[in-house]
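Visitor: Okay, here's what each chain looks like letter by letter:
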Amino acid sequence: MIFSRKFLPTLSLLVFLAVWQGLAVYLSSNTLPTPEAVAKVFWTGCVTGQLPFHLGVTLLRLIVSFSIAMLLGCAIGIALGRNKKLDAFFDNWLVIFLNIPALVAIILCYVWFGLVESAAILAVVINKLPNVIVTIREGTRALDQDLLDMARCYHFSRRKTLAHVIWPQLHPFIMGATRSGLALIWKIILVVELLGRSNGMGYQLHLFFQLFDVASILAYTVAFVAVIQLIEVIILKPLDKKALRWRR
Amino acid sequence: MMDIQININSKAYPAIEQAGHHLAIADFKLSLKSGEFVCLVGPSGCGKTTLLNIIADLDNDYEGEVFVEQEHSHPKIGYIFQNPRLLPWRTVRENIELVLDSNQPSTVIDPLLEIMQLTQSQHVYPERLSLGMSRRVSIIRAFAVDPDVLLMDEPFVSLDAPTARQVRELLLKLWQERPHTVLFVTHDLREAIAMADRLIFLSAAPMSVLSEITVSIPRSERHNENAIEAFRQNLINNYPEIKQLL
Chain A
33 MIFSRKFLPT
43 LSLLVFLAVW
53 QGLAVYLSSN
63 TLPTPEAVAK
73 VFWTGCVTGQ
83 LPFHLGVTLL
93 RLIVSFSIAM
103 LLGCAIGIAL
113 GRNKKLDAFF
123 DNWLVIFLNI
133 PALVAIILCY
143 VWFGLVESAA
153 ILAVVINKLP
163 NVIVTIREGT
173 RALDQDLLDM
183 ARCYHFSRRK
193 TLAHVIWPQL
203 HPFIMGATRS
213 GLALIWKIIL
223 VVELLGRSNG
233 MGYQLHLFFQ
243 LFDVASILAY
253 TVAFVAVIQL
263 IEVIILKPLD
273 KKALRWRR
Chain B
2 MMDIQININS
12 KAYPAIEQAG
22 HHLAIADFKL
32 SLKSGEFVCL
42 VGPSGCGKTT
52 LLNIIADLDN
62 DYEGEVFVEQ
72 EHSHPKIGYI
82 FQNPRLLPWR
92 TVRENIELVL
102 DSNQPSTVID
112 PLLEIMQLTQ
122 SQHVYPERLS
132 LGMSRRVSII
142 RAFAVDPDVL
152 LMDEPFVSLD
162 APTARQVREL
172 LLKLWQERPH
182 TVLFVTHDLR
192 EAIAMADRLI
202 FLSAAPMSVL
212 SEITVSIPRS
222 ERHNENAIEA
232 FRQNLINNYP
242 EIKQLL
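Order-wise, the sequence lines are chains A and B. Quick note on the numbering used here: the first sequence kicks off at 33 and runs consecutively. Quick note on the numbering used here: the second sequence kicks off at 2 and runs consecutively.
Keep in mind the hints are simulated off the structure, nothing from the lab. This structure is a prediction, so every number in the text was calculated from the model and none was measured. Just so you know, even glycine gets a beta-carbon here, dropped at the ideal spot from N, CA and C. Be careful, since some hints might not be right.
[Stated by the list, open to error] Which bits of chain A does chain B cover? Going by a derived footprint, with three or more residues having C-beta under 8 angstroms, they are:
| no. | stretch |
| --- | --- |
| 1 | 92-101 |
| 2 | 190-201 |
[Stated by the list, open to error] Facing chain A, according to a computed beta carbon distance under 7 angstroms, are these residues of chain B, among others:
| no. | residue |
| --- | --- |
| 3 | P76 |
| 4 | I78 |
| 5 | I229 |
| 6 | F232 |
[Said to hold, decoys possible] Simulated DEER-style distance windows between Cβ atoms:
| no. | chain 1 | residue 1 | chain 2 | residue 2 | range |
| --- | --- | --- | --- | --- | --- |
| 7 | A | F48 | B | I17 | 50 to 60 angstroms |
| 8 | A | P270 | B | I17 | 23 to 33 angstroms |
| 9 | B | G36 | A | D176 | 25 to 35 angstroms |
| 10 | B | N84 | A | I139 | 32 to 42 angstroms |
| 11 | B | A13 | A | K219 | 51 to 61 angstroms |
| 12 | B | H23 | A | D176 | 16 to 26 angstroms |
| 13 | A | R184 | B | N8 | 46 to 56 angstroms |
Could you put the whole structure together from the sequences, leaning on the hints where they help?
Guide: Next comes the structure, spelled out in structure tokens:
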């Protein structure tokens, strides 16, 4: 069992690389470079500092917009989940914002606020926020009334109720929103950069597209996937483990 | 210490889809003296839990009034719910510490844990506890706040007999050490006679008071099974309406 658990993922990765290598050699085309060529470009990018710089800029935007969207989304989501009147009023707004195409939001932000950093961040937040609100609202609706009654009966303060009764119940929903949020934001952020910024991964990819430099595009993609995996393994998994330690 | 006047004209649950309009309580009057141990006895589903929720101020949707003679601005209520209602993500000790006032030292929990034989399990998460242990934790939680009013909603249901007896004895001991008003819901008449100063018999829904009986057995005789059984036989023979309930 232990052997196959470690062996199978490694094998699948090797098979993936082998298929890629085979296809690249068979086609021998500029549009599909071999893994080796991509690794070389990746290394050069790292040495010159180009790749870390643009990756860093994009990650910074990701962290800022993600934090804003999650904080606002949790606050609004809990409020809507706890208050039926508020929910009835804002439900339509939520549906409208949920269905605005990402590209429309980005274009409008740039048109209205100019090609500036805050407009870029705002565009990402607008795209992510409704998703967070909907997820957290569902979580809040599913809160255990028995435990809330218990908290009320024993005169828990608002802060105490939030920290000890509500938050632990929302945890799975927040982790869900975080994971889907990271995946969504990093796709949107590249479009935001492509359309109106002069640095970041999106800008670079746009440049490589015009030069038909597929090796560079793949090298940047690999770097980004690696970073997201790292976030999952270093931050999210341990958080999950810590928060769920009370389960049998 | 506080007197409680309960006067509920009506409490109804509105119709929702298939389930029709349900009148749970009608013309219910009860007054409790401070420090009194009162048992509510009635058929299941008659509205006892609804009554406790109204007294605990968890349910405001009724006609009538509950007057609690105020000593503190908030009367301190200890409520032992029918299910233990522990926070599964907090340990036994954390669950109890959470209900304490900020000026209460957390050491007040230690003797209670000891008496309920939970000192060993105080750092365990509730999902690892048996139902009996969870109930004991919820009893400690209710006592730890040093309540003015203690509400108990069939706290011994589904406990095995020796455990139930043990917890019952501990409960009486704690009550005698720190007197306060107790309202205890049960449908076990023997249990009620063994513990209460006064028995309140309730009708099926809509709930109202059928009769009130003071238990005349002195506290020192309460462990005597024969005395309790004699009192019970006497009750059933003299009050035919109670016999119907049981």
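Visitor: Could you run down the list of hints and mark each one as holding or not?
Guide: Against the structure, the hints come out as follows:
Judged by the Cβ-Cβ criterion of 8 angstroms, the stretch 92-101 of chain A is not covered by chain B as claimed, because only 0 of its residues qualify and three are needed. For the stretch 190-201 of chain A, the assignment as covered by chain B holds, since 4 residues bring a beta-carbon within under 8 angstroms of that chain's beta-carbons and 3 suffice. The restraint placing P76(B) at the interface with chain A is violated, with a minimum CB-CB distance near 10 angstroms, outside the 7 angstroms limit. For I78(B), the interface hint holds, the least distance from its beta-carbon to any beta-carbon of chain A being 6 angstroms, beneath 7 angstroms.
Because the closest C-beta pair between I229(B) and chain A is about 32 angstroms apart, greater than 7 angstroms, the hint is violated. Checking F232(B) against chain A by beta carbon gives a least distance of about 33 angstroms; that is not within 7 angstroms, so the hint is violated. Between F48(A) and I17(B) the C-beta distance comes to about 55 angstroms, which sits within the given range of 50 to 60 angstroms. Our hint of 23 to 33 angstroms for P270(A) and I17(B) is violated, since their Cβ atoms are close to 44 angstroms apart.
A hinted range of 25 to 35 angstroms holds for the C-beta pair G36(B) and D176(A), which are about 34 angstroms apart. Checked against the hint of 32 to 42 angstroms, the pair N84(B) and I139(A) fails, with Cβ atoms roughly 54 angstroms apart. Between A13(B) and K219(A) the beta carbon distance is about 53 angstroms. The supplied range of 51 to 61 angstroms therefore holds. In this structure the hint that H23(B) and D176(A) lie 16 to 26 angstroms apart at CB holds, the actual value being about 23 angstroms.
Between R184(A) and N8(B) the beta carbon distance is about 23 angstroms. The supplied range of 46 to 56 angstroms is therefore violated.
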